[in-house]
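Based on the provided sequences and hints, a complete structural model is requested.
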Amino acid sequence: MGPFTFSDWPENGPVPLGAVACYRPSGHFHGALLQDFDVLVFLIFETLSEEIQLHHRVDDGIHYQLLSLHAEELKRWIVTGEHRSLVHYFLQGEVVNDMTGQILRLRQQVERFGQPFQEQRLFFEFSRFLHNYVEAKRHLTEGHEMDAYYSTLKSLHHWACIELVQKSVYPEKTIWNQVRVHSGQVYKLYEQLAFSQETLRERVELVLLACEFSVMSKMAECSQLLIRVLRSRRMAWTMGELSLHPDLQYVKTDLPMVVRKLVYRSLIKQWPRESRKGAPGVELRYSAD
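Residue numbers for the sequence shown follow this note's numbering, so the first one is 142 and each next one is one higher.
Everything labelled a hint here was simulated from the structure, so no lab data went into it.
We put the CB at the ideal spot given by N, CA and C, even for glycine.
A hint or two may mislead.
Dumping the calculated DSS-like pairs for lysine-lysine here, alpha-carbon to alpha-carbon at most 25 Å [unchecked claim]:
(1) K314 to K216
(2) K329 to K295
(3) K314 to K329
Label pairs and their in silico Cβ distance ranges [unchecked claim]:
(4) K410 to T221: 24 to 30 Å
(5) S190 to E339: 49 to 55 Å
(6) M360 to W218: 38 to 44 Å
(7) R246 to P387: 17 to 23 Å
(8) D288 to E339: 46 to 52 Å
(9) T241 to M376: 34 to 40 Å
(10) M240 to S190: 17 to 23 Å
(11) P387 to G325: 33 to 39 Å
This is the structure in structure tokens:
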């Protein structure tokens, strides 16, 4: 990769697992990420004191932007869809150093979009879909049509991601181009919501109705991660225990709502158990057959 090497890396500092380089094509401006830098370098670490570290350097007239991040942080982005541009560049860049082969294996996992990423991403997208769907219905009931429209658009976006993930397609930053190819139904609803001549309220109601019948029918399939966790032991789980489970760390905020919805649809069971001495009421626990 030219002058970039690990030869001058601090001896007392952590050594990267590897590096991925993205080059500015033909010397042209390439968006806010690369800015006026010639090369963006991802340095992936097994352990790192901070989540993300950013450094700028110049060698022989070549300007580098070095992005140091923890491998687990990158995996979180892949599951949650955060920092889509960064994930895109990581997947498209050149692997210039891979000391243990972990960088290449991670990229292959994402490109094939197999387990565990597929199961985790599917449950994450469903939880975010459900959150925005409920918000949209509440806004509509209260007469806040613009807020209902915005929440409906976000729920439709998560529905689009669900459709892609179920086809083992990793959702990219240009998701509507992907959806046009892989799910004509969702794309038509997107066009209906954004461009039809009906009133704003009518457009929102139509899409929410489609969400109710199409996505809710996928609830069991989308929630297999949670159901698998519930089945992993004989004793029923408290909500506190579920929120601490490492496989569910990305859906902590929406987990109570999803659990209640699954109970309502009889997909999981709810069990009352007496609380500790002196505590009021009974504690609810959850299990799956």
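(message) Tell me the numbers of any earlier hints that the structure contravenes, in ascending order.
(response) 6 and 8
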